[in-house]
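Asks: If you want the building blocks of each chain, they are given just below.
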Amino acid sequence: DQQVKQNSPSLSVQEGRISILNCDYTNSMFDYFLWYKKYPAEGPTFLISISSIKDKNEDGRFTVFLNKSAKHLSLHIVPSQPGDSAVYFCAASERGTYKYIFGTGTRLKVLA
Amino acid sequence: KAGVTQTPRYLIKTRGQQVTLSCSPISGHRSVSWYQQTPGQGLQFLFEYFSETQRNKGNFPGRFSGRQFSNSRSEMNVSTLELGDSALYLCASSFRTGGTGELFFGEGSRLTVL
Numbered sequence: 001d002q003q004v005k006q007n008s009p010s011l012s013v014q015e016g017r018i019s020i021l022n023c024d025y026t027n028s029m030f031d032y033f034l035w036y037k038k039y040p041a042e043g044p045t046f047l048i049s050i051s052s053i054k055d056k057n058e059d060g061r062f063t064v065f066l067n068k069s070a071k072h073l074s075l076h077i078v079p080s081q082p083g084d085s086a087v088y089f090c091a092a093s094e095r096g097t098y099k100y101i102f103g104t105g106t107r108l109k110v111l112a
Numbered sequence: 001k002a003g004v005t006q007t008p009r010y011l012i013k014t015r016g017q018q019v020t021l022s023c024s025p026i027s028g029h030r031s032v033s034w035y036q037q038t039p040g041q042g043l044q045f046l047f048e049y050f051s052e053t054q055r056n057k058g059n060f061p062g063r064f065s066g067r068q069f070s071n072s073r074s075e076m077n078v079s080t081l082e083l084g085d086s087a088l089y090l091c092a093s094s095f096r097t098g099g100t101g102e103l104f105f106g107e108g109s110r111l112t113v114l
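Heads up: the sequence lines are chains B and C, in that order.
If you're matching positions, the first sequence starts at 1 in the working numbering and goes up one per residue.
If you're matching positions, the second sequence starts at 1 in the working numbering and goes up one per residue.
You may find that some hints are simply not true.
Here chain C is said to cover these stretches of chain B; the calculated rule only asks that three of the stretch's residues, wherever they fall, bring their Cβ under 8 Å from a Cβ of chain C [as the list claims (entries may be wrong)]:
1. 33-44
2. 89-99
3. 103-112
Calculated from the structure, these hints are not laboratory results.
Fair warning: this is a prediction, and the values are worked out from it, not measured in the lab.
Think of the CB as a built atom: it goes at the ideal place given N, C-alpha and C, for glycine as much as any other residue.
Could you put together the complete structure from these sequences and hints?
Replies: Given below as structure tokens:
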């Protein structure tokens, strides 16, 4: 049972435009969410996080939105740059479980 | 500040053998987690350690085991290797003690089982 789903395996966006990556979850007990970026042959790099007590968190070009009623979060990248081309993973955690559940990833390609 | 260090980076084994992977967390981080990444499956949680205690374990067979030492360094072992164990094994450390907070990943150990 996939508790964290990224239903879009890939996404292509023009440079300078907005990239929107989506993530859905099924476990209402998840209370902390992370986004990671991964380049080939490297480990995932932390991008941004959000706690369930918030519905938005911003860090530079990256903004994460959390809709708890819909069990949905999204990552917005504005403006998109070619260097943003990578695989993006969302992850969720339930307090006290000491583990994160990751989605299967979305491959973003930013076209110059 | 040094990042998470994993060794070896690449290794090739044959079915039936065993393998040990090592992870040195960021200095001061006491929580170490292990994940398996395979194509199309994302990152699958293996186990998490804190102060030498395993606090959670994922849905993997008993062939997968791990431990953490007093200096927070961790090892994972896979015995009786199968072809399906070929994957990228990622170690992550965290400063937070409560089980939430950012994970900082190493570059991974890529295991190929022939």
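Asks: Can you name, in rising order, the numbers of the hints this structure does not satisfy?
Replies: No numbers; nothing is violated.
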